[in-house]
Amino acid sequence: DQQVKQNSPSLSVQEGRISILNCDYTNSMFDYFLWYKKYPAEGPTFLISISSIKDKNEDGRFTVFLNKSAKHLSLHIVPSQPGDSAVYFCAARDNYGQNFVFGPGTRLSVLP
Amino acid sequence: EPEVTQTPSHQVTQMGQEVILRCVPISNHLYFYWYRQILGQKVEFLVSFYNNEISEKSEIFDDQFSVERPDGSNFTLKIRSTKLEDSAMYFCASSELHSNQPQHFGDGTRLSIL
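Protein chains in written order, with my numbering: chain U, 26 to 137; chain H, 19 to 132.
It should be emphasised that the hints constitute simulated quantities derived from the structure, not laboratory data.
One should not assume that every hint holds.
EDC-like cross-link-like pairs, simulated, lysine to aspartate or glutamate; straight-line CA separation at most 16 Å [what the hints assert, rightly or not]:
(1) Lys63(U) to Asp125(H)
(2) Lys93(U) to Asp119(U)
(3) Lys63(U) to Glu86(H)
(4) Lys75(H) to Glu62(H)
(5) Lys75(H) to Glu86(H)
(6) Lys93(U) to Asp49(U)
(7) Lys60(H) to Asp80(U)
(8) Lys96(H) to Glu86(H)
(9) Lys96(H) to Asp80(H)
(10) Lys79(U) to Asp109(U)
(11) Lys75(H) to Asp119(U)
(12) Lys93(U) to Asp80(U)
(13) Lys30(U) to Asp125(H)
(14) Lys63(U) to Asp109(U)
(15) Lys101(H) to Asp81(H)
(16) Lys60(H) to Glu103(H)
(17) Lys101(H) to Asp80(H)
(18) Lys60(H) to Asp109(U)
Put together the whole structure using the sequences plus the hints.
Have a look at this one:
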């Protein structure tokens, strides 16, 4: 049951360029979405969130876009830095539940 | 910045033994969670806890599992009789409120069942 999908297991980007990480979901009841970054041997770290009443949220170098009709969200990182190299998880929750459903993650490598 | 802390960082246990994983959530947070991540798989929700009781649990959280907030700071996950397939990273998380609040994660406990 893959309610949250991240179809790219890995992505490599040159330093200074834009990184675009994609996430698709199937449950139309999801109304709150988050992106987490995870380094090896550490827990997921919250990056940015978006609720379904918005289609864009920006925080510094990170922007999340939500397309509800396509059930798709994306995380843009610009400019990408080597320290951004990590696994990025998309997570979603519906308003009735308290738990987040995580995608499988995308490993981002930013090359100097 | 306040953080969620988990101990131990690595726990090795014989199959069939009981194990307790410990977490100290962020002090003003009211909601607490346990997740697990089996090697190579995605992060999976186990249970959420609020006001001293379980508020939601997944199918994974069967009778072998229990959670407790024994005092004002600790939040524990107990696995009563461990199985090989319980080997995973276990993450504790907490959030200040429930609605539209990000959950803050600890660095996890790696549980290895022999």
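Results of checking the hints against the structure:
Our distance criterion of 16 Å between C-alpha atoms is met by lysine 63(U) and aspartate 125(H), whose separation comes to about 10 Å. Pair hint lysine 93(U) plus aspartate 119(U) holds up; C-alpha atoms about 13 Å apart against a cutoff of 16 Å. Using a Cα cut-off of 16 Å, the hinted pair lysine 63(U) and glutamate 86(H) is violated, with the two alpha carbons roughly 27 Å apart. For the proposed pair lysine 75(H) and glutamate 62(H), the alpha carbon gap of about 11 Å is at most 16 Å, so the pair holds.
For a cut-off of 16 Å, the pair hint linking lysine 75(H) to glutamate 86(H) stands: about 14 Å separates their Cα positions. Taking the CA atoms of lysine 93(U) and aspartate 49(U), the gap is about 10 Å. The hint holds against a cut of 16 Å. For the hint linking lysine 60(H) to aspartate 80(U), the alpha-carbon distance of about 26 Å lies beyond 16 Å, and the restraint is violated. For a cut-off of 16 Å, the pair hint linking lysine 96(H) to glutamate 86(H) stands: about 8 Å separates their Cα positions.
At roughly 11 Å between alpha-carbon atoms, lysine 96(H) and aspartate 80(H) fall within 16 Å of each other, so this suggested pair holds. Distance restraint check for lysine 79(U) and aspartate 109(U): the Cα-Cα separation of roughly 25 Å exceeds the 16 Å cut-off, and the hinted pair is therefore not satisfied. Under the criterion of a C-alpha separation no larger than 16 Å, the hint pairing lysine 75(H) with aspartate 119(U) is consistent with the structure, at around 15 Å. Of the supplied pair hints, the one linking lysine 93(U) and aspartate 80(U) holds, its CA atoms being roughly 8 Å apart against a limit of 16 Å.
Of the supplied pair hints, the one linking lysine 30(U) and aspartate 125(H) is violated, its CA atoms being roughly 24 Å apart against a limit of 16 Å. Only pairs whose Cα atoms come within 16 Å are accepted, and lysine 63(U) paired with aspartate 109(U) is accepted, the gap being roughly 10 Å. Restraint check: the Cα-Cα separation between lysine 101(H) and aspartate 81(H) comes to about 13 Å, which is no more than 16 Å; the hinted pair holds. As the CA atoms of lysine 60(H) and glutamate 103(H) are separated by approximately 15 Å, the hinted pair is consistent with the 16 Å bound.
For the hint pairing lysine 101(H) with aspartate 80(H), the CA-to-CA distance comes to about 13 Å; that is within 16 Å, so the pair holds. Proposed proximity of lysine 60(H) and aspartate 109(U) is contradicted: the alpha carbons are some 20 Å apart, above 16 Å.
Comparing the model with each numbered hint stated earlier shows that hints 3, 7, 10, 13 and 18 do not hold.
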